[in-house]
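Numbering (the numbering used here), first residue to last: 85 to 339.
The reader is advised that the hints may include incorrect statements.
Okay, the calculated beta carbon distance ranges per label pair [said to hold, decoys possible]:
hint, residue 1, residue 2, range
1, Asp189, Ser303, 12 to 22 Å
2, Glu124, Leu323, 34 to 44 Å
3, Pro213, Gln161, 16 to 26 Å
4, Arg319, Glu124, 38 to 48 Å
5, Asn186, Glu315, 28 to 38 Å
6, Thr235, Ala291, 29 to 39 Å
7, Glu302, Asn241, 42 to 52 Å
8, Thr249, Ser303, 24 to 34 Å
9, Arg276, Glu184, 13 to 23 Å
If you're looking for bench data, these hints aren't it; they were derived computationally from the structure. From the three backbone atoms N, C-alpha and C, an ideal C-beta is built for every residue, glycine too.
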Amino acid sequence: MIAIFDSGLGGLSVLTRVREALPRQDVVYLGDQVHAPYGERALDEIHRFGAENFAFFERAGADLLVIGCNTSCAAAQTYGWPTALPVLDLFDAAGQAVAESNVRDVVVLATSATVRSGGYARAIARRAPAVRVREVPCPEFVPLVEAGLSTSPQARNAVARIVDTLGDPEAIVYGCTHYPFLERHIDALLPRAVCIDPALRQARNAALAVREHALPDESGAVHLYTTGDPEAFRRGVELLVGPVGTISRAPLASV
């Protein structure tokens with residue numbers, strides 16, 4: 085069984101790609117909405133949240149942890165991954181995706197914590213050292229997606245405020261898994277930019293890991309959990325990806 089983690093709804097963009105790549109694997113998804121958004125929090129705090137959330141996956145019997153939260157990756161740069169499960173890191177997936185795109189200049193749109201970590205610049209430098217990288221914090225984006233406003237005029241205006249500072253970038257990297265849900269605005273305002281979504285490469289890496297660890301085919305079931313209110317989470321999920329089955333509250337010790 086594959087585990088996918090995010091602070092809230094953004095990891096659904098990773099879940100969608102993983103389901104396309106691995107339709108016969110069971111998936112358990114956890115959104116830590118009670119602590120969201122992560123992007124303005126301290127990295128040590130994010131690490132503590134991760135330890136408890138990842139223990140939930142271990143108890144659930146997960147075989148592989150696919151990260152759908154870039155800010156958790158930022159915390160792991162300093163503190164490591166608090167789990168014994170094999171972990172697929174989004175920063176590395178992004179570095180691969182940029183290297184494969186053959187661009188020379190990228191702007192990474194990300195949360196403030198991710199930008200402060202410098203994790204994207206390092207990951208891209210490892211895979212594509214000639215690429216120029218600029219990391220730009222977008223603190224308004226996640227709350228808009230979490231509030232169900234990704235298609236709203238407010239969201240377009242928030243994206244426009246960031247775009248106005250970018251000039252004419254060759255490529256945009258979604259440095260937060262919430263940001264693909266704002267793609268209609270980004271495409272409209274930056275029609276010439278290549279948009280790179282690390283979730284695509286992350287799903288390919290998940291398929292490779294399933295083969296490497298010889299994980300058997302399963303029923304293809306998806307189990308959705310939140311640390312917050314399941315009904316509020318359902319409304320958010322259905323706005324972004326359509327109707328879903330049962331959503332449960334994750335039994336975490338501190339929630």
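Against the structure, the hints:
no.	hint	result
1	Asp189 with Ser303: 12 to 22 Å	violated, 44 Å
2	Glu124 with Leu323: 34 to 44 Å	violated, 23 Å
3	Pro213 with Gln161: 16 to 26 Å	holds, 18 Å
4	Arg319 with Glu124: 38 to 48 Å	violated, 24 Å
5	Asn186 with Glu315: 28 to 38 Å	violated, 45 Å
6	Thr235 with Ala291: 29 to 39 Å	holds, 31 Å
7	Glu302 with Asn241: 42 to 52 Å	holds, 43 Å
8	Thr249 with Ser303: 24 to 34 Å	violated, 47 Å
9	Arg276 with Glu184: 13 to 23 Å	holds, 20 Å
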